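Protein sequence lines, in the order shown, are assigned to chains A and B. Mapping to this note's numbering: the first sequence position 67 is 67, numbers consecutive. Mapping to this note's numbering: the second sequence position 8 is 1008, numbers consecutive.
Fair warning: there could be bad hints in the mix.
Simulated DEER-style distance windows between Cβ atoms [as the list claims (entries may be wrong)]: (1) A:Arg55 x B:Pro1631: 17 to 23 Å; (2) A:Phe67 x B:Ala1599: 40 to 46 Å; (3) B:Gly1607 x A:His87: 25 to 31 Å; (4) B:Ala1591 x A:Arg55: 39 to 45 Å; (5) B:Ala1591 x A:Phe67: 29 to 35 Å; (6) A:Gln85 x B:Thr1604: 24 to 30 Å; (7) A:Gln58 x B:Pro1631: 20 to 26 Å; (8) A:Ile66 x B:Ala1599: 42 to 48 Å; (9) A:Arg102 x B:Pro1631: 25 to 31 Å; (10) B:Pro1631 x A:Leu93: 39 to 45 Å.
To list a few chain A residues with every Cβ distance to chain B over 10 Å, as calculated [what the hints assert, rightly or not]: (11) Val5; (12) Val50; (13) Ile66.
Covered stretches of chain A (chain B as the covering partner; in silico rule of three or more C-beta atoms under 8 Å from a C-beta of chain B) [what the hints assert, rightly or not]: (14) 12–26; (15) 69–78.
Don't read these hints as lab results, they were simulated from the structure. These figures come from a predicted structure and were not determined experimentally. No residue lacks a Cβ here, since even glycine has one placed at the ideal position from N, Cα and C.
Read off the chains here:
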Amino acid sequence: MIANVPMEHGLILAALLFALGLIGVLARRNIVFMLMSVEIMLNAVGLAFVVAGARWGQVDGQVMFIFILTMAAAEVSVGLALVLQMHHSFKTLDADAVSKMRG
Amino acid sequence: MNDFLFLIPALPFAGFLILALAGRRLPKTAVAFIGAGSVGLSAALTMLIGAGFIASPPQDHAFTQTLWTWMQFDGYAASVSFVLDPLSLIMTFVITGVGFLIHLYSTEFMLDEEGYSRFFAYMNLFVGSMLTLVLADNLLLLYLGWEGVGLCSYLLIGFWYTDPANGRAARKAFVVTRTGDTAMALGLFLLFTNFGTLNIQDLMLHAAKQWPVGSATAVLAAALLLGGAVGKSAQLPLQTWLPDAMAGPTPVSALIHAATMVTAGVYLIARTHVLFELAPVVQAAVAVIGAATLLIAGFSALAQRDIKRVLAYSTISQIGYMFLALGVGAWSAAMFHFMTHAFFKALLFLAAGVVILAQHHEHDMFKMGGLRHKLPVTFWTFFIGAASLSALPLVTAGFYSKDLILWHAWSSPSGSPGLWAAGLIGAFVTAIYTFRMVFVTFFGESKTEVNHRPGLRMLVPLVILAVLSIVGGFIELPRTLGNAPLFSEFLRPVFNEKAAEHSGIASEAVLQIGATIVALAGIFVAVLFYLLRPDYARKIGGVPLFESIRKFWLSGWDFDALYDRLLVRPFLWIADINKKDIIDSGYTGIANLNRSLNALLSKTQTGSIRWYAMGTAIGAVVFLGIIIFYP
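Bound-form chain A, shown alone (with noise of 0.2 Å):
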């Protein structure tokens, strides 16, 4: 089943997650917008791994799937307390408006 997908199509697939995920973080200003395109650039990483790792029948891919997915889960609670910290200082979740630390 899962050879009959090519493996470039699943990588193609990533990397317009990735590109996505990626326009999301660059484009939007509301902070949490942003920390949801991360996620989904991340999820992009981790399609790309599991699709290799099928390609080549290795096990690799989908551990470091796992990985990510602990990471993602890290990386998003250390996030949102930042963002409310954000909001509870500034009552604002534009991340334009805070650039206090310009060099």
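Fit chain B to the known structure of chain A by using the hints.
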């Protein structure tokens, strides 16, 4: 008794430490007791040790006490050890004795000054360093004392530091003497590389054995040491600092710039006299320097108006006599003149200090006058000092010491009629300027009210020094007048001078009579111009030629202007060109480059998280591209 030798310099050092650490909290009486007392104890100890030394001289007429090893290198261990021989005993006796009298005087003189304890701390440090200098048995320890007294001289000239002029005078003294000190340090290096030791006794033995008379190294070493001596003793060409050094308090001028420190150069040459005997050229130069200095300084003293500057030029001139004596090989005559000079010049300075204090700190003699009746003790002691300085015959110490030098300048193998004539003219000039000072200050009309009368602590040192200025000469009676050369006999073990040959008594008597006539003639000129007929002096002063000569002498033969043109201004010019420091600009360039790069990079820190994400993304693409397309 000799075991307590180390206490002689240690006591003033201890006084310095107590005053430096706790001086602020002590009352003035306690400061005076510690300051003068430490030197007084030292003087008493010197008397005791000296009496023991004279009664039963140790073997080889030298006693060495080693305290500890100071530093060790290259197989040579420099030790802190003191040596007591007739030469250092005489120096120690003068330093502690005259030093104590001046300290006693200062306890009253400085009473109303700020920094009473600071003054005595510096003075004690000076006495300690000076004693280290004369008692040191190696040149390294001597150099330590040498620099120590230089430091104290600097500190005390600038004692009233709130006036920038005093600070300038102090710096000038320090820099000018440092020029000589550098030469001396080079001399020490030369001696050490040649002999591997700095112990004076060993050095002299080695030098006498290894260096032939007139060899180039010996000449160089002696010339370098002479450089140090010339700087410290304010001789040509480094004499310019001493007149300005009068900016310090008067007791300082008496102790440091008349009696002790400025004669350190004389001591150094006397101590290393073997070296100078090996270098006849340098020794002849010493005589010529002395003769030239005594004339130049004597004529300069004629034109001064400031009483302390007269005495300063007179000091330069008298040290010139000592150099003249050293130059003709009359070592003990030089030391004899050192001792009598310490007595009468300290006396003159201290008496001048009383006058200055009584006249509202006025230094100009021509604004004084008529003080004879108001300050009788001061007048008589000053008069005795002046008589001794101008070598009034038979009764004064100065007569015996100066006469001895003149006799040696004539009769010694390295002496010459020219040197003798210079000394004789110098004696004439000395008599004129000395009695000019006496008459202008103490005779004539009173011009300023006396507002401070000296107390006992100022008068007692004056009287004691006045007595010494008279009887100090009787320990060396010439052959024509009793033939009792106790002083040179005492110093014979150090200098190995030949006993005076018995020929030429007649010529010595003739020379003495000549010198006497010259001194009396000088006094007569002073009496004529400054006592009987002041209008003569005014008439002569009115002639333009004499007026310009007077100005020339007043400025000390324009040496300051010469050095200003020759050294100071070129140096300032170079410093001005190199204001931005050529070598430094390379390093500044690197720093500036880094700073501008930093400014450039800090612009990228916009604080916008989306820009950072963009940067990361572009960076990732670029690196991936590199990896893929240029593997």
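Hints and how they fare:
1. A:Arg55 x B:Pro1631: 17 to 23 Å: 21 Å, holds
2. A:Phe67 x B:Ala1599: 40 to 46 Å: 41 Å, holds
3. B:Gly1607 x A:His87: 25 to 31 Å: The hint (25 to 31 Å, Cβ to Cβ) is violated, given that glycine 1607 of chain B and histidine 87 of chain A are roughly 18 Å apart.
4. B:Ala1591 x A:Arg55: 39 to 45 Å: Distance hint for alanine 1591 of chain B, arginine 55 of chain A is violated at roughly 56 Å.
5. B:Ala1591 x A:Phe67: 29 to 35 Å: Violated - the Cβ-Cβ distance for alanine 1591 of chain B and phenylalanine 67 of chain A, about 47 Å, lies outside 29 to 35 Å.
6. A:Gln85 x B:Thr1604: 24 to 30 Å: Given range 24 to 30 Å: holds, Cβ gap about 26 Å.
7. A:Gln58 x B:Pro1631: 20 to 26 Å: 23 Å, holds
8. A:Ile66 x B:Ala1599: 42 to 48 Å: 46 Å, holds
9. A:Arg102 x B:Pro1631: 25 to 31 Å: Violated - the Cβ-Cβ distance for arginine 102 of chain A and proline 1631 of chain B, about 39 Å, lies outside 25 to 31 Å.
10. B:Pro1631 x A:Leu93: 39 to 45 Å: 43 Å Cβ-Cβ, so the 39 to 45 Å window holds.
11. Val5: Given a closest Cβ separation of 25 Å, the condition holds.
12. Val50: Valine 50 of chain A is indeed farther than 10 Å from all Cβ atoms of chain B, at 21 Å.
13. Ile66: 24 Å, holds
14. 12–26: holds (count 3)
15. 69–78: violated (count 0)
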